Amino acid sequence: MPDRRYWLFKTEPSCFSFIDLQHRPGGTDHWDGVRNYQARNYLRDEVQVGDQILFYHSNIAEPAIIGIAEVVKAGYPDWTARDPQGEHFDPNSTVAKPIWFMVDVRYVRPLPRPVTLAELKTVPALAGMVLLSRSRLSIQPVRAEEWRLILRLGGVHK
DNA sequence: GCCAACGTTGGC
DNA sequence: GCCAACGTTGGC
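Position 156 of the first sequence, counting from 1, maps to 155 under numbering that gives the first Met the number 0, and the rest follow consecutively.
Derived by calculation from the structure, the hints in this document are not laboratory data. Being a predicted model, the structure only gives us computed values, none of them experimental. You may find that some hints are simply not true.
What the hints assert, rightly or not - Okay, derived cross-link-like pairs now, DSBU-like style, lysine-lysine, Cα gap no bigger than 30 Å in a straight line:
1. 96 - 72
2. 72 - 157
3. 157 - 120
Can you make the complete structure from the sequences, with help from the hints?
This is how it looks when you write it as structure tokens:
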């Protein structure tokens, strides 16, 4: 578990975008509102400080990985679950027994060339990506080989 | 806007 | 604990 280092975080840009993250103080914000148990488990148990994130925009004309972010704070209780006014309220979640978790992430850099979903589908080495088989999962592990290849496709050269 | 896939809920 | 109904997601 501690040696997983790469993730894909999915978001609808109309809700929260990569540019929104860039404009937060320090390019940093909490990743709240995840209400799926498998994604919650990743946030609570596996996502660690320093892990690298592919930032994916969904539910748009051309869904794509558009940038890189990193984890700056590991999982802690998602307090938006306790805000009755908020969109992500869950009356079953309490301070003593939180159900939902979030992490803090920081903007790192955009990909010089976004890598679209359509393009990902054409690359045989990426056929095993979680994104292609379980597209609805909002927090997904990414293998190191996949990470390197996607960055290369995105025009990032070391 | 449609619809398929999938996660959640709730009756039994 | 099964499974049908229902709600949500997200590509197209």
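Evaluation of the provided hints:
1. Taking the CA atoms of residue 96 and residue 72, the gap is near 20 Å; set against the 30 Å cutoff, the hint holds.
2. Simply put, residue 72 and residue 157 have alpha-carbon atoms about 26 Å apart, close enough for the 30 Å limit, and the pair holds.
3. In summary, the hint linking residue 157 to residue 120 is supported, as the alpha carbons are separated by about 24 Å, within the 30 Å threshold.
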